[in-house]
Amino acid sequence: MIDHKTGTRKEWLAARLELLDAEKELTRQSDELARRRQDLPWVRIDKKYSFGTDEGSASLADLFQGRSQLLVYHFMFGPDFTAGCPTCSTIADGFDGFVIHLANHDVALCAVSRAPLAKLQAYKRRMGWSFPWASSFGTDFNYDFQVSFTKQQQESGVVEYNFRAMDTASDLGDEQARLVVGTDAATFTREAPGMSAFVLEDGAVYHTYSAYTRGLDGLWGMYQWLDRAPRGRNEQMFRGLGDLRGSDWYRRHDEYDSK
Amino acid sequence: MSKHKTGTREEWLAARLELLEAEKELTRRGDELARRRQELPWVRVDKEYRFETDEGGASLADLCRGRSQLLVYHFMLGPDYAAGCPSCSTIADGFNGFQIHLANHDVMLWAVSRAPLSKLQAYKRRLGWTFPWASSFGSDFNSD
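First to last, the protein sequences are chains A and B. Numbering follows the numbering used here, with no gaps: position 254 of the first sequence is 254. Numbering follows the numbering used here, with no gaps: position 109 of the second sequence is 109.
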């Protein structure tokens with residue numbers, strides 16, 4: 001006999017209907033927040049950034065590739081990493097498949113990382129991805145959008161991330177960091193995940209939105225499915241930088257035993 | 001000049017922080033609903049369903065492939081369709097890339113459709129997908 005409560009289809013349906021009302025309420029609330037995101041004031045970006053891309057060097061406006069909207073996924077891949085962050089890789093496994101739909105709906109989705117372009121290109125080939133991926137190597141871009149921190153900032157014990165001061169203590173050990181990205185823990189945690197949105201109008205680029213930590217949940221397809229699985233997320237978390245939590249069950253998609 | 005409201009970084013940050021509180025509240029409510037989903041009573045399925053898969057005929061239990069959890073995406077591809085539903089296809093474009101992570105976390109994610117297997121296989125090849133896709137052709141699964 002199983003431990004979980006069982007019931008008849010009728011009992012299940014009654015409980016499901018009650019939950020459905022709560023789910024509908026959540027959807028309405030989520031739609032309302034999406035509307036409020038669009039209401040945020042736009043902040044004009046006058047700073048000149050230069051990115052390395054497959055097509056050569058590019059400005060922020062160039063990353064729009066003719067669209068009026070740009071969504072940047074701040075993919076954790078520092079210059080010293082030997083491979084991209086495994087967590088970011090599971091997010092990219094999802095958007096790699098649907099970036100083309102956004103590109104045909106006036107939205108360019110581009111990953112941006114601090115590693116030199118050649119490293120990004122090699123890892124993208126290894127993973128079999130096709131989304132655009134730009135290198136912000138040598139620019140302030142990652143620092144300005146608070147997804148990279150300097151050694152000095154990190155050693156001060158506090159960095160600005162997810163719109164607040166966060167202490168830099170982490171449970172991540174050097175050994176674990178070396179296993180996943182080939183660096184010590186301090187180097188690994190000088191990069192953080194996030195997304196930022198931009199709009200291009202009359203030749204000017206405006207920043208409109210950024211999100212970090214659990215603000216990325218909605219973009220992370222596998223967790224949307226797990227939130228509907230009988231055992232939920234079913235994981236143990238370790239503490240990364242500040243509010244960041246890592247989980248150790250997933251690997252890069254080419255690192256599982258095939259079965 | 002843009003018709004949309006523009007502002008300084010400080011003005012944006014003030015509005016963003018207010019929105020952040022609302023987003024965090026939404027995340028908490030979302031977590032609470034995920035918890036409530038897990039509390040739903042389980043309903044034993046005694047009916048025998050037969051599916052056709054790349055590996056031959058399969059029962060519902062076979063679709064679990066050794067995992068304890070099964071998530072089915074009911075993909076709209078009826079026996080008379082010439083191609084899969086475009087909306088379902090955009091959803092599949094997403095899970096095609098991450099179903100392997102679920103498969104390594106005790107969760108099998110399958111698409112199930114009513115078209116005969118050969119139609120599903122041809123469409124899957126055309127779209128370049130690799131997720132498992134079973135045909136429920138001739139069974140009550142979709143209607144149930």
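You may find that some hints are simply not true.
Unchecked claim - Computed list of lysine to aspartate or glutamate pairs in EDC-like fashion (alpha-carbon distance at most 20 Å, straight line):
(1) Lys47/B x Asp106/A
(2) Lys3/B x Asp227/A
(3) Lys10/A x Glu32/B
(4) Lys5/B x Asp202/A
(5) Lys3/B x Asp202/A
(6) Lys24/B x Asp217/A
(7) Lys24/A x Glu23/B
(8) Lys47/A x Glu39/B
(9) Lys5/A x Glu39/B
(10) Lys24/B x Glu11/A
(11) Lys24/B x Asp106/A
(12) Lys3/B x Asp106/A
(13) Lys3/B x Glu201/A
(14) Lys5/B x Glu32/A
(15) Lys3/B x Glu23/A
(16) Lys24/B x Asp227/A
(17) Lys5/A x Asp62/B
(18) Lys5/B x Asp140/A
(19) Lys5/B x Asp217/A
Please keep in mind that the hints were generated in silico from the structure rather than gathered at the bench. Since this is a predicted model, take the numbers as computed values, not measurements.
Task: Broken hints, by number - done: 1, 2, 3, 8, 10, 11, 15, 17, 18, 19
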